[in-house]
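Chemist: Residue strings, one per chain:
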Amino acid sequence: MLRFFAVRLLRALITIALVVTFAFIVLRVSGDPALEIMSVDAPPEAIAAFRKAWGLDAPLWIQYARYLLAILHGDLGQSMRDGREAVVVVAERIPATLELTVPALLFSLAVGIPAGVYAALQRNSRTDRAVMVAAIAGFTVPSFVFGLLLVLVFSIRLGWLPSGGIGGLGHCILPIVTLGVGGAAVLARFARGAMLEVLGQPYIRAGSARGLPWRRVIVSHALPNAAIPTLTIVGFMVGNLIAGAVLVENVFSWPGLGRLLVVSVVSRDLAVVQCILLLIAAVMIGANVTVDLLYGVLDPRIRTAPLCAGAGRC
Amino acid sequence: MTVPLLKAERLVRRYGVRHGFFGRKSTVHAVDDVSLTIRRGETLALVGESGCGKSTTGRLLIGLEPADAGAISFDGTVLPMPHEPGWRSSRARMQMVFQDPLAALDRHLTIREQIREPLDIHRFGSPSERAERVAALLSAVGLGTDHATRYPHELSGGQRQRAVLARALAPRPDLIVCDEPMSALDVSIQAQIINLLADLQAELGTAMLFISHDLRAVRQVSHRVAVMYLGRIVEEGPPDEVFGAPLHPYTQALVSAIPHPRRRRTERILLPGDPPNPMNRPKGCAFHPRCPIAGSACKLQLPALEPVKESRSVACHAVHGTTGGPAIRRLA
Amino acid sequence: MLNASHEGAAPPRSAARTAIPPLVVAAVVWLALMLAIALLADVLAPYDYAALDLHHRLSPPAGLGGTVLHPLGTDELGRDVLSRLIASIRMSLLIAFEATCLGAVLGIALGLLAAHFRRWAEQIVLAFVDFQASMPFLILALAVLAFFGNSLALFIALLGLHGWERYARITRVLAISAGAQGYAIAARQLGAEPWRLYIRHVLPNIASSLIVTLTLAFPEVILLECGLSFLGLGVQPPQTSLGNMVGYGRDYLTRAPWILIAPSLVIALSTMSVCLIGDCLRDRMDKALQ
Chain A
1 MLRFFAVRLL
11 RALITIALVV
21 TFAFIVLRVS
31 GDPALEIMSV
41 DAPPEAIAAF
51 RKAWGLDAPL
61 WIQYARYLLA
71 ILHGDLGQSM
81 RDGREAVVVV
91 AERIPATLEL
101 TVPALLFSLA
111 VGIPAGVYAA
121 LQRNSRTDRA
131 VMVAAIAGFT
141 VPSFVFGLLL
151 VLVFSIRLGW
161 LPSGGIGGLG
171 HCILPIVTLG
181 VGGAAVLARF
191 ARGAMLEVLG
201 QPYIRAGSAR
211 GLPWRRVIVS
221 HALPNAAIPT
231 LTIVGFMVGN
241 LIAGAVLVEN
251 VFSWPGLGRL
261 LVVSVVSRDL
271 AVVQCILLLI
281 AAVMIGANVT
291 VDLLYGVLDP
301 RIRTAPLCAG
311 AGRC
Chain B
1001 MTVPLLKAER
1011 LVRRYGVRHG
1021 FFGRKSTVHA
1031 VDDVSLTIRR
1041 GETLALVGES
1051 GCGKSTTGRL
1061 LIGLEPADAG
1071 AISFDGTVLP
1081 MPHEPGWRSS
1091 RARMQMVFQD
1101 PLAALDRHLT
1111 IREQIREPLD
1121 IHRFGSPSER
1131 AERVAALLSA
1141 VGLGTDHATR
1151 YPHELSGGQR
1161 QRAVLARALA
1171 PRPDLIVCDE
1181 PMSALDVSIQ
1191 AQIINLLADL
1201 QAELGTAMLF
1211 ISHDLRAVRQ
1221 VSHRVAVMYL
1231 GRIVEEGPPD
1241 EVFGAPLHPY
1251 TQALVSAIPH
1261 PRRRRTERIL
1271 LPGDPPNPMN
1281 RPKGCAFHPR
1291 CPIAGSACKL
1301 QLPALEPVKE
1311 SRSVACHAVH
1321 GTTGGPAIRR
1331 LA
Chain C
2001 MLNASHEGAA
2011 PPRSAARTAI
2021 PPLVVAAVVW
2031 LALMLAIALL
2041 ADVLAPYDYA
2051 ALDLHHRLSP
2061 PAGLGGTVLH
2071 PLGTDELGRD
2081 VLSRLIASIR
2091 MSLLIAFEAT
2101 CLGAVLGIAL
2111 GLLAAHFRRW
2121 AEQIVLAFVD
2131 FQASMPFLIL
2141 ALAVLAFFGN
2151 SLALFIALLG
2161 LHGWERYARI
2171 TRVLAISAGA
2181 QGYAIAARQL
2191 GAEPWRLYIR
2201 HVLPNIASSL
2211 IVTLTLAFPE
2221 VILLECGLSF
2231 LGLGVQPPQT
2241 SLGNMVGYGR
2251 DYLTRAPWIL
2261 IAPSLVIALS
2271 TMSVCLIGDC
2281 LRDRMDKALQ
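Chains as they are written, first to last, in my numbering: chain A, 1 to 314; chain B, 1001 to 1332; chain C, 2001 to 2290.
Everything labelled a hint here was simulated from the structure, so no lab data went into it. For glycine and all other residues, C-beta sits at the position ideal for the given N, C-alpha and C. Treat the hints with care, since some could be wrong.
Unchecked claim - Here are the in silico distance ranges between beta carbons for each label pair: (1) G200/A - L2039/C: 27 to 37 Å; (2) Q2123/C - G1244/B: 49 to 59 Å; (3) A2019/C - E1203/B: 51 to 61 Å; (4) I166/A - L2052/C: 33 to 43 Å; (5) V1078/B - A2109/C: 28 to 38 Å.
Bound-form chain A, shown alone (with noise of 0.2 Å):
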């Protein structure tokens, strides 16, 4: 067990390596920000000062082996446009981001789960049928789109929300229903699987079979047994979050991360991609770990796999 842990550690700290890396190679060798940010016409001794300025004149191991430096120390550099530091400039979006991302999670737990436990008991019924097929329009419609409908309806049609910036409540919603549908239709389709598999365990006919209330067999056997694997997926969601996030935060005019990376990413901003970069990889490095470890709590039988095998035959 401690040696899977160590293991999965150890290939997690590759993958950060490995991300630090790619940033640097993508955004270092692919362009000339100095004649991004100073545009081409800009006297050639203001562009070698700027290079200066910004270490781009010393050679490329250098440049590398400074920027290994500084992200030890926690220093990520300055933004091009603004001069800030760019961890600064990350940060203060982070907060609009989590206000958009962690709602939409809820929201994806809170109507994917009840939908999915709900279809599986009435397996084969036109109910179950009807949400499988909206599980199914929720996953693959792609959320830049599914928003813009929603505007269209709701805000210009119907008048009922505004399209997009932040503010109230009213703000929230479009975003929030936008970011979570697709969630929440991964999550009802696992839910249906997961409930549909425990329900055909003989612990269940047992149940029944012993008289209990169908209802209390659902909720004190089914239910909790199916929540297990339901819940760990979760972790593995983090990444669709994450990337849809992008999309609708610019749908949306939000001002998070997402729209933070695309407009950096259009004017070159260097540092505050890398940091970006570097923030969405720790997540969803930390997600797939703490996924693992979930999975080593909630299901005992993971937990002593790994021990039982080394026991020899069990």
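Assemble the complex: chain A is given as a structure, and chains B and C must be docked to it using the hints.
Modeler: Quick look at chains B and C alone, frame taken from chain A:
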């Protein structure tokens, strides 16, 4: 005396086995101190229970896996090991016929393509010569031209094994290793394949290592036979002598298990104890826990394979008179 | 109630489901239609996708007050939405097709390398697989695209990187297990070179699993292309793709929603269709395995 085609000396093959994730490692001696020679045109049979290391020996002898110790020379030169230069080209000179012909054939290629493959790999002659050779091989193993365009699953088990045999013979090898070539076939087909092997061997003069636990088939095809038990050769000699007058108690048990019309059932020797487990090899003579005549030396000292007369050797303290225990009962 | 819901929960496996559900049939028809449109784009499109009709700017679709000349309406420059839609379908499918093939070739090659050399080569490939899986691809793509510019070839190459890790992972596992199969052992002992072993023997034997993965990855590449083009970082005007059209239509959401609705529906229906078919195939495979 001429140089033997294949000469293997003191081959050892160990496998590391790990018991689970954290478990300690232990080693299994699949092949332990095996020396063999095969002369040109000779058929050597290797017999023994499953798990005794006879298939591993077969793979070692034609260089399909490296030995951990020992030396193999083929036609007077050192046999290249996998990943060594010259290994791939050496494949044309030694070929293998597998136990399960369906598994050994690629189900996406026709029989003709598969028989032709070794010719393509080793660049035998011109394309038209290769086609002629395939046709000749097909008729040599008793397959018709209509079989050539079929896929493996469209053939019967016997036909598949004929195709595998044709593929093995295609590059005109000096040595063929047949690893239990009939065990996946119906009994009625087994006889046909055995006859085919014997005929082809006599006709082409290809040397053969015939691995089997079917003693009657062995007796039919082989010129010499070696009996293996837990990775070691315990007895070796001409099949008529080995099976007619077995010296090693294990060989005696094997021979007594052959169904025989005139013998009463009670004469069959039933070995006591568990079947051998290569993970837990007994000290001394590996056979002693099951041996009816084991003496005190058998539990301590490994008997060496030593000649008892010309062309006949055996590894048994009882035969060599070094048991140091009760008198020999059975061998009198 | 008790009985009814219990039976609803665990019904006996019925043979009634062997018939193809009508929704799946509809999905197949829709995809066939899309493919036909992509292939026959030049014949089907009433106008050139870039042709301007300044007399009919922002004309609504026929039946909603627009002219019959432009059945799906026009955009701000008077370009025919139907023609643009047809061109976009072709562009999006073409990009997705090329990118999927590229990703498959790359992934399969790396997977085979890992399976053949094992040890360090395998570890390097697996580290890259981890890296790729550690980030939402959209974000990696965003970073790369903006800095390497916007040529179409580069865009396709970048999309090709999406999903390679899945092929690599599957190919590696399948090739390792195939390498232990009788036919591969037999081929190796015949003296076959590695390329012959993998191309002629192993690949055809593992192809079916790879093709399933390929079909499932295809809509993801379409979605990625649409997303990036929507953000303005994919297909660049004057060329057009489905995502590009949605992005453009967004600016006219109030005045001319039809510009956006047509490509949105095509994207939604196409990806849904692939998913429905994929689900159906998987169910059948599961059943075949039981």
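Chemist: Work down the list of hints and note, for each, if the structure agrees.
Modeler: Structure-based check of all given hints:
1. Restraint check, G200/A to L2039/C: a C-beta distance of roughly 45 Å breaks the suggested window 27 to 37 Å.
2. A hinted range of 49 to 59 Å for the beta carbons of Q2123/C and G1244/B is consistent with their spacing of about 58 Å.
3. At roughly 59 Å, the beta-carbon separation of A2019/C and E1203/B lies within the given 51 to 61 Å, and the hint holds.
4. At about 38 Å, the beta-carbon gap between I166/A and L2052/C stays in the expected band of 33 to 43 Å.
5. At about 35 Å, the CB distance of V1078/B to A2109/C agrees with the hint of 28 to 38 Å.
Violated hints amount to a single one, hint 1; each of the other numbered hints is respected by the structure.
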